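Chains A and B, in that order, give the protein sequences.
If you're matching positions, the first sequence starts at 1 in my numbering and goes up one per residue.
If you're matching positions, the second sequence starts at 278 in my numbering and goes up one per residue.
Hints are computed from structural coordinates only; laboratory data are not their basis.
One should not assume that every hint holds.
Derived DEER-like restraints, expressed as beta-carbon distance ranges [what the hints assert, rightly or not]: (1) A:L103 with B:L364: 14 to 22 Å; (2) B:A396 with A:E268: 47 to 55 Å; (3) A:T235 with B:P286: 29 to 37 Å; (4) A:L220 with B:L421: 43 to 51 Å; (5) A:Y29 with B:F429: 45 to 53 Å; (6) B:L437 with A:V55: 51 to 59 Å; (7) B:L421 with A:A101: 50 to 58 Å; (8) A:P110 with B:S409: 32 to 40 Å; (9) B:V385 with A:L103: 45 to 53 Å; (10) B:L404 with A:S70: 23 to 31 Å; (11) A:T235 with B:D435: 41 to 49 Å; (12) A:Q193 with B:V385: 50 to 58 Å.
Predicted, not measured: the structure shown is a model, and the values here were computed from it.
Virtual Cβ for every residue (Gly too), placed ideally from N, Cα, C.
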Amino acid sequence: MPQGRTRTLLTLTLVLVAAGLLLLNVGGYLEPVKSLVLRPMGAIQGWLATRAAAVRTLLTSPADVLTLRSENERLLAEISQLQQDNIALREEAAEAAVLRALLGYARSRPESHYLAANVIGRDVSPFIRSIWIGRGSDAGLMRGMPVVTERGLVGRVAEVLATVARVQLITDPVAVVNVKLQTSRADGVLRAQVNGELWVEQIEQVAAVVPDELVLTSGLGGAYPPEVPVGQVLTVRKRDFELFQQAVIQPSVDFESLAIVLVITNFEPLILEPEVP
Amino acid sequence: MAAYLIGVPLMAFLAILQSSVLGTLRVLDGSPDLVLIAVVSWSLTGRMHESMILALVGGLFLDLLSGAPFGMTAIGLVLVAYLVSFLEGRFWEANFLIPLGVMSAAAVIYHSVVVLAAAVSGRPIDLALAFSRVFLPSALFDVLLALPAAQFAVRARDALFPPRVKVG
């Protein structure tokens with residue numbers, strides 16, 4: 001058989017295999033296999049993410065790097081060991097600070113039960129705003145559980161496998177959060193725009209929304225618990241000829257530096273949309 | 278067989294690296310597409326059947342770590358490997374700049390599939406923003422890494438599959 005035909009035949013076969021897997025996944029038949037494969041991958045992902053975070057911490061603190069450099073000059077013999085110890089301690093201290101803050105948050109809301117999880121990766125597609133966390137159904141996680149940090153709402157669990165889970169961030173363009181504005185008491189719907197901005201839409205025209213006002217989850221719809229901070233109003237867009245006004249908000253969570261998150265495990269979310277693979 | 282023994286774990290590792298390390302080191306919204314670079318580099322060595330199967334495997338690993346429909350990235354990468362295989366490793370030996378052009382074309386196809394996958398999963402896509410914030414920085418990274426990756430792939434091929442020579 002000519003080489004060109006073999007090549008085309010192989011390509012068609014592989015595309016059909018991928019399409020078959022796509023269909024099997026839509027039917028949910030691949031979940032056990034995915035869990036099995038993601039178990040070791042999640043472990044490696046977690047290990048790599050921790051190391052990368054440690055290196056990033058070191059690189060983003062120039063004053064400490066200078067101190068380390070001067071130490072290196074004086075203690076050439078101990079340089080390697082000292083640096084390693086320093087990186088590890090720094091990362092532990094940073095982790096402890098995050099955990100302390102998360103613990104404080106958990107204590108301030110004793111009605112909720114929390115499970116801490118490390119962020120081990122991000123969605124490889126730049127168009128999907130989600131993170132991978134190092135806990136899954138083995139730890140009791142379920143789809144729809146809200147995810148927070150001490151600063152506020154992160155998102156909710158969108159996909160659960162045995163040892164890892166994918167969390168859809170509130171910055172994902174398909175995420176919708178029912179919110180209320182703290183001072184004006186107006187209700188609205190939070191949606192991320194494709195340019196990354198977070199907008200609260202469907203705010204009644206009569207509501208007196210002002211910049212810096214705090215935005216909290218309203219609990220309406222049952223997808224998220226009420227009173228979780230989401231962000232602060234940056235600007236208000238109000239036009240007389242429109243039915244509703246909109247507010248652009250600054251999220252309270254820094255989604256670029258998420259390291260540890262809390263999953264609220266005793267909240268039973270109301271999930272209306274079907275599971276999309 | 279040796280190519281798969283090394284290639285499959287390598288694809289898994291590159292996919293993990295893309296998610297856990299490069300996911301936080303994005304320029305705008307773009308980052309290097311390590312699996313794509315590996316597939317294109319191996320395709321350029323002329324070992325087309327292996328590169329197509331590794332493209333499928335690498336794509337499936339990426340799909341595992343994404344909320345996009347499972348299998349879409351794999352299809353995109355197989356198509357990329359198929360198109361690159363037409364070069365059959367010939368031009369690359371003649372002109373060292375070939376990987377740059379091939380990688381640019383591969384990045385266009387790959388990111389078109391990524392955009393399609395995001396659209397299929399219900400994400401609203403602004404094509405102008407996607408082009409400037411995702412495609413351009415990612416393609417730039419990919420092209421920058423294309424030459425060293427292609428050189429590495431040729432050395433790996435020569436080490437794993439030394440050319441046969443006639444004696445006498």
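Evaluation of the provided hints:
1. A:L103 with B:L364: 14 to 22 Å: 58 Å, violated
2. B:A396 with A:E268: 47 to 55 Å: 32 Å, violated
3. A:T235 with B:P286: 29 to 37 Å: Given range 29 to 37 Å: violated, Cβ gap about 50 Å.
4. A:L220 with B:L421: 43 to 51 Å: 48 Å, holds
5. A:Y29 with B:F429: 45 to 53 Å: Taking Cβ atoms as reference, Y29 of chain A and F429 of chain B lie about 38 Å apart, which means the hint is violated.
6. B:L437 with A:V55: 51 to 59 Å: 31 Å, violated
7. B:L421 with A:A101: 50 to 58 Å: 39 Å, violated
8. A:P110 with B:S409: 32 to 40 Å: Given a distance of about 47 Å, which is not inside 32 to 40 Å, the answer is violated.
9. B:V385 with A:L103: 45 to 53 Å: At 48 Å between Cβs, range holds.
10. B:L404 with A:S70: 23 to 31 Å: 51 Å, violated
11. A:T235 with B:D435: 41 to 49 Å: 60 Å, violated
12. A:Q193 with B:V385: 50 to 58 Å: With a Cβ separation near 26 Å, Q193 of chain A and V385 of chain B fall outside 50 to 58 Å, so the hint is violated.
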